[in-house]
Amino acid sequence: MAAAILLEREALLESLRRAWESACAGEGRVVLVCGEAGIGKTSLLRAFARPLADARTWWSGCDALETPVPLAPIQELCAAAALPTDGAANLAGRLLEALKAEPTLMMVEDVHWADHASLDVLKALGRRIERVPALLVLSFRDDEVGPTHALRRVLGELPPAATTRVAVPPLSAAAVDDLARRALRSPGGIHAITRGNPFFVTEILTHGSERIPATVQDVVLARHARLPAGARRMVEVASIMPARAERWIVEPLALPEGADVQACLDSGLLSADGESYAFRHELARGAVEQALIEPVRRDLHARVLAALLASGRAIPAARLAHHATFASDAEAILRFAPPAARAAAARRAHREAARHWRAALQHATAAVPASTRATWLEGFAAACHATGALDESIEAWRELRELHRAHGDHRAEGRVLGRLALVLVVALQNREADACSREAIALLEGHEDADSAGACQVQAQLRMLNRDLEEAIAWGERAIALAERAQATDVLAAAWGTTGAARIFRDFERGRSDLQHAIDLGRLHGYDYIVANNLTNLGSAAGEMYRFDVAIPALDEAIAFSDEHEVDFYRDYSLAWRALCHMYRGEYARARQVAAEVLARPGPNSTTRVMALVALGRCAVRETGAGGDALDVALMLARETGTLQRMAPVLAARAEAALLGGDPVLAREEAARVVPLAQRQRHRWFLGDLALHLVRAGGERPQGELFEPFELELAGEWQAAADAWERIGCPYERARALRSRGQGTAARIPQARTRANPFGLTAREVEVLELLCDGLRNAQIAERLVRSVRTVDHHIASILAKLGAGTRTEAVALARKAGFGPQDRQSRDVE
Amino acid sequence: MPRYMIERTFSDGLRIPTNKEGSTACGGVIANNATKGVTWVHSYVTPDMKKTFCIYDGPSVEAVREAARVNNLPADKITPVSVLDPYFYYS
Numbered sequence: 000m001a002a003a004i005l006l007e008r009e010a011l012l013e014s015l016r017r018a019w020e021s022a023c024a025g026e027g028r029v030v031l032v033c034g035e036a037g038i039g040k041t042s043l044l045r046a047f048a049r050p051l052a053d054a055r056t057w058w059s060g061c062d063a064l065e066t067p068v069p070l071a072p073i074q075e076l077c078a079a080a081a082l083p084t085d086g087a088a089n090l091a092g093r094l095l096e097a098l099k100a101e102p103t104l105m106m107v108e109d110v111h112w113a114d115h116a117s118l119d120v121l122k123a124l125g126r127r128i129e130r131v132p133a134l135l136v137l138s139f140r141d142d143e144v145g146p147t148h149a150l151r152r153v154l155g156e157l158p159p160a161a162t163t164r165v166a167v168p169p170l171s172a173a174a175v176d177d178l179a180r181r182a183l184r185s186p187g188g189i190h191a192i193t194r195g196n197p198f199f200v201t202e203i204l205t206h207g208s209e210r211i212p213a214t215v216q217d218v219v220l221a222r223h224a225r226l227p228a229g230a231r232r233m234v235e236v237a238s239i240m241p242a243r244a245e246r247w248i249v250e251p252l253a254l255p256e257g258a259d260v261q262a263c264l265d266s267g268l269l270s271a272d273g274e275s276y277a278f279r280h281e282l283a284r285g286a287v288e289q290a291l292i293e294p295v296r297r298d299l300h301a302r303v304l305a306a307l308l309a310s311g312r313a314i315p316a317a318r319l320a321h322h323a324t325f326a327s328d329a330e331a332i333l334r335f336a337p338p339a340a341r342a343a344a345a346r347r348a349h350r351e352a353a354r355h356w357r358a359a360l361q362h363a364t365a366a367v368p369a370s371t372r373a374t375w376l377e378g379f380a381a382a383c384h385a386t387g388a389l390d391e392s393i394e395a396w397r398e399l400r401e402l403h404r405a406h407g408d409h410r411a412e413g414r415v416l417g418r419l420a421l422v423l424v425v426a427l428q429n430r431e432a433d434a435c436s437r438e439a440i441a442l443l444e445g446h447e448d449a450d451s452a453g454a455c456q457v458q459a460q461l462r463m464l465n466r467d468l469e470e471a472i473a474w475g476e477r478a479i480a481l482a483e484r485a486q487a488t489d490v491l492a493a494a495w496g497t498t499g500a501a502r503i504f505r506d507f508e509r510g511r512s513d514l515q516h517a518i519d520l521g522r523l524h525g526y527d528y529i530v531a532n533n534l535t536n537l538g539s540a541a542g543e544m545y546r547f548d549v550a551i552p553a554l555d556e557a558i559a560f561s562d563e564h565e566v567d568f569y570r571d572y573s574l575a576w577r578a579l580c581h582m583y584r585g586e587y588a589r590a591r592q593v594a595a596e597v598l599a600r601p602g603p604n605s606t607t608r609v610m611a612l613v614a615l616g617r618c619a620v621r622e623t624g625a626g627g628d629a630l631d632v633a634l635m636l637a638r639e640t641g642t643l644q645r646m647a648p649v650l651a652a653r654a655e656a657a658l659l660g661g662d663p664v665l666a667r668e669e670a671a672r673v674v675p676l677a678q679r680q681r682h683r684w685f686l687g688d689l690a691l692h693l694v695r696a697g698g699e700r701p702q703g704e705l706f707e708p709f710e711l712e713l714a715g716e717w718q719a720a721a722d723a724w725e726r727i728g729c730p731y732e733r734a735r736a737l738r739s740r741g742q743g744t745a746a747r748i749p750q751a752r753t754r755a756n757p758f759g760l761t762a763r764e765v766e767v768l769e770l771l772c773d774g775l776r777n778a779q780i781a782e783r784l785v786r787s788v789r790t791v792d793h794h795i796a797s798i799l800a801k802l803g804a805g806t807r808t809e810a811v812a813l814a815r816k817a818g819f820g821p822q823d824r825q826s827r828d829v830e
Numbered sequence: 000m001p002r003y004m005i006e007r008t009f010s011d012g013l014r015i016p017t018n019k020e021g022s023t024a025c026g027g028v029i030a031n032n033a034t035k036g037v038t039w040v041h042s043y044v045t046p047d048m049k050k051t052f053c054i055y056d057g058p059s060v061e062a063v064r065e066a067a068r069v070n071n072l073p074a075d076k077i078t079p080v081s082v083l084d085p086y087f088y089y090s
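As they're listed, the protein sequences go chains Y and F.
Heads up: the first sequence runs through residues 0 to 830, numbered per numbering that gives the first Met the number 0.
Heads up: the second sequence runs through residues 0 to 90, numbered per numbering that gives the first Met the number 0.
Since the hints were made in silico from the structure, they are not lab data.
One should not assume that every hint holds.
To be verified - Among the chain F residues that face chain Y by a calculated CB cut under 7 Å, a handful are:
1) L13
2) R14
3) I15
4) A24
5) G26
6) N71
7) L72
8) P73
9) A74
10) I77
Bear in mind the structure is a predicted one, so any value in this text is a computation, not a measurement.
We treat Cβ as the ideally placed atom computed from N, Cα and C, and that holds for glycine.
Taking the hints into account, I'd like the entire structure generated from these sequences.
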C-alpha cells in the first residue's frame, strides 16, 4: 500500500487525533477501527502513528491461527511496556499501572483473531481506560464478527462515552483513478473490478501480468504462478505459517536456488524481516494457502511440524497443535493438543482450551487409556462451561459420567454428577440439576470428603434457589461439616453462603452473618466468584424481604466488586436487582435506565434477564397501567426454571397489571398460578404481594402468614399500612394503601364499573373521569393517582374521544348524565 | 552509487499523457523515489507500452524495491548493472 499517500482518510485520522488529544489530557479512550480485509486499516494506523513518533507507542497484533497462542498479543504489549510476561495474573491491572506514567498509544490489530484470554484482558483494559492517559486502538474485520463472535462480548462492555468507532470505507472511483494516474496508468476499469478495496487496487497496479483478474485472490495467484519454482515453494511454505515464517524453516524446505530469494522479494509477495519472511498482507497469504491442493497442504504442514520439532527450540504447544491438525496427523494431535489445551486453560483462554480438547478427543484411538480420555473429557467439559457453551458442557459431563459408570467407579461418577448439576443450574434446567445432585449424593454416601461436601453444597444451593429453606439449611450445614473436615475451603465458603442465603428468610440477622462469613472467607482466599455471589445473595434476599436498608448497600457493593474483579454474571444480576429496588422506591426513571443497561448487554438468556424484565415491566404497569412485552417475555423465561424466585415476581407484576387494566379474572388466574408454591415455601413476602392482588380481584384470601403491610392493607387498616410502607420506603404501595381509605375491607372490583360503563372506558380512565367530575385539575389528578401529568393528559384525551366530547366540561356533563359522579361511587362498592 | 535495471510489465499499458497531468504524475514518482534515496535515470519502453526497462540509481536492491512498492509500480525483475559504453574501448 502506498505509504506516501493516503487518500480519503482525513476524517478518520481526525477522529483518531481527537481521541489521542483526549488521552493526552488524562482521559483515556478506545477507538475501534473496522472494515473489510484489505481496506487499509493497518495503513491508517501507521499514518496516524507516524507524526506521533515521540509518543510512547506499543504495537501488537493477532494471528490467523486455527487456535491462537493464548495471550500472545497481550504478551507483546507487556514486552513493549517492559513488564514481566510470565504468569497470567492481573495482566490488565499491571498494564493499567504502567499506563499511568505517560500518555501511551496502544495498537492491537486484527482482534477478530484474538484468543479468549486476550479478549478478557482487552475488555478489562477498555473498561478502565478513562482512568489513564492512554489511547487503545483495536482494529478488526467487522465483516467477520457476527452476532455470536467472541469479540462482541468485549465491544458490548466498552464504556460508550469513551469509545469511538471508525469504519474504514472503500475508496471512491475518483480516488482509485487518482491512484492509477500516480502509478502512470490509465484509470479506467480498476474501480469497477476492485470496488474500491485499496489492497486489491495496489495489487492490480503492481502485479504486471497480462490478464485482468476478477478477484484479489486471482491477482495474488497470478503473481505467484509467474515465480520460478524455488521462489514458488518458498511462498507456499510461508503461506501455511500464519504467525511468522522463520527463514530456518522456509529455506531448508523450499530449497531455493540462487536468484529465487530475490525473485520472491521482488515480486512483493513476501518481505524479509530479519529472521523471518512475512506476507505483505494476510489476504495474500490466505489466497496462496487456500489455492494449495489438499495433499500438498497436508504434506507441507507435516514437514513444517517435523522441522519445528527437530529444531530443539521452545515452540508454543498451540503452534505445534495447529500444524498437527492440518497435517491430519492423528498421532501428533494426540501428542500436542493436550499440552496446548492445558497451556490455554492455565491462561484462561477457555475457548482455545475447548478447541484443543475437542481435537484430542476426536482423534483419540483405542490406544488411549480410558483414564486419559476421562481427563481430557473433564478438561473439555470445564472449558465449555467457562465459555458459556452449556449444551456441549452438559453433553461432555454426561459422557464422562457414562465412562465412570461403565468402569464401576462410583466415586468419580458421583463427583461428575455434582459438577453436571452445577452446569444444569446455570442452564436453567433446575429439575434435571436436582435429579443429578440427588444421584450424586447417593453415590457418594459414606465418603466424607471434598467431593461429597461439594455434592451436598449443590443440593443445598438447588433447595435454596427454589426457596425450600429448611431443607437448604439442613443440606448446607451438612456440607459445612464435611467441608471443614476435608479442609476444602472453596466448598466451605460456598456452603456458608448457601446456608446463609436460605437462613436469612427465617432468621434475618443470623442469615446475614452467615453470608458475611462466606464473603469474608472468599476475600481471604481470593475466591472472587464467592464474594460476588454472596454479596449478591445478601442484596437479593434482603430485597425480596423489602429490607431495602440492607439490600441497597449490599447490591451496590456487589456491583462495584464484580465490576472490579470482572465477575460479569454477578454484576449484571445485581444490577437487575438494583433496578427492582429503584422500582419499589418509586424511582421509575432510574429503574428503567438500569434495567435497560442490563438488557442491552450481549449474553444468553438467564435469571438476570427475568429480573430486569420484571423491573422494566412493573415500572410500566405502575406508570401507565400496562406491562407490555416485558412481562410476557419474563414469564416465558421464568417458566423454564419453574422456581419460586422467578415465578413469583413475574406473576405478581402480571396480576397487578391485570387488575389495573380492568381484568380481575386474569388477575386472579395469574396470582393463583404460583400461590401454592409460595405457601409451601412459607414466603410471606411473595405470598403477601400475590394475596393482595388475588383478593382485590375478588378471589379468596389464601392461607398463610403474609408480610405485615399486606396484612394491614387487606384488613382495611389503610393508615397503619400506609405508615408501614412509608417506613419501608415504597411510595406506590403507600399510595395504594391510602387510596383504599373509606372502603374498609371492601374489595374494589373495577369490573363492576366497566359493566355499568357504556363508553368502553378502562378502569384507569374511569378513575380519571371520576376525579374530573370531582372538579380536579390535571395536576391534582396526577398527584392523587401517583401518575405523571403526561399520563393523565393521555387518559383525558382518550376519555374525550370515547365520550365523543370536545371539551372537559362537555365530558363531565356527559358522564354525569350516564350516571358517573361522586354520589354514584359509593353505591358501586361491593361488599 | 550502484545502478539497477528494473523490468516492468503493464497489462493495461503504461500511460503518461503529454500534459500537466503527466508531468505531475512523473513528479510524484520522482518525489516518492527520493524518500528512499533512489533516482530514476531513464526508461526504455516497448511500442505497445506494455513492457519497460527502467534504469535506476540507488543505495541497494531493497531501496529500489521499496520505491517501486510505494509508487505502485510493478517490478518483475531487478538486476544490478553497470554501464558498458563501446566507445570507452575505442581509442
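Right, here's what the structure says about each hint:
A distance limit of 7 Å between C-beta atoms decides the matter here; for F:L13 the minimum to chain Y is near 6 Å, and the interface restraint holds. Interface hint at F:R14: satisfied, since its Cβ lies 4 Å from the closest Cβ of chain Y, which is below the 7 Å cut-off. The beta carbon of F:I15 is positioned within 7 Å of a beta carbon in chain Y (closest approach about 5 Å), and the interface hint is therefore held. Hint status for F:A24 relative to chain Y: holds, with the closest Cβ pair at about 5 Å, below 7 Å.
Here the hint on F:G26 is broken, as its CB sits about 10 Å from the closest CB of chain Y, past 7 Å. The closest approach between the C-beta of F:N71 and any C-beta of chain Y is roughly 4 Å, which is under the 7 Å cut-off, so the hint is satisfied. Hint on F:L72 holds. Least Cβ distance to chain Y is approximately 6 Å, under the 7 Å limit. Taking 7 Å as the C-beta cut-off, the interface hint given for F:P73 holds, the closest approach to chain Y being about 3 Å.
For F:A74, the interface hint holds, since its Cβ comes within 7 Å of a Cβ in chain Y; the closest pair sits about 6 Å apart. A cut of 7 Å between beta carbons decides the hint on F:I77: the least distance to chain Y is about 5 Å, and the hint holds.
When the structure is compared with the earlier hints, a violation turns up for hint 5 alone.
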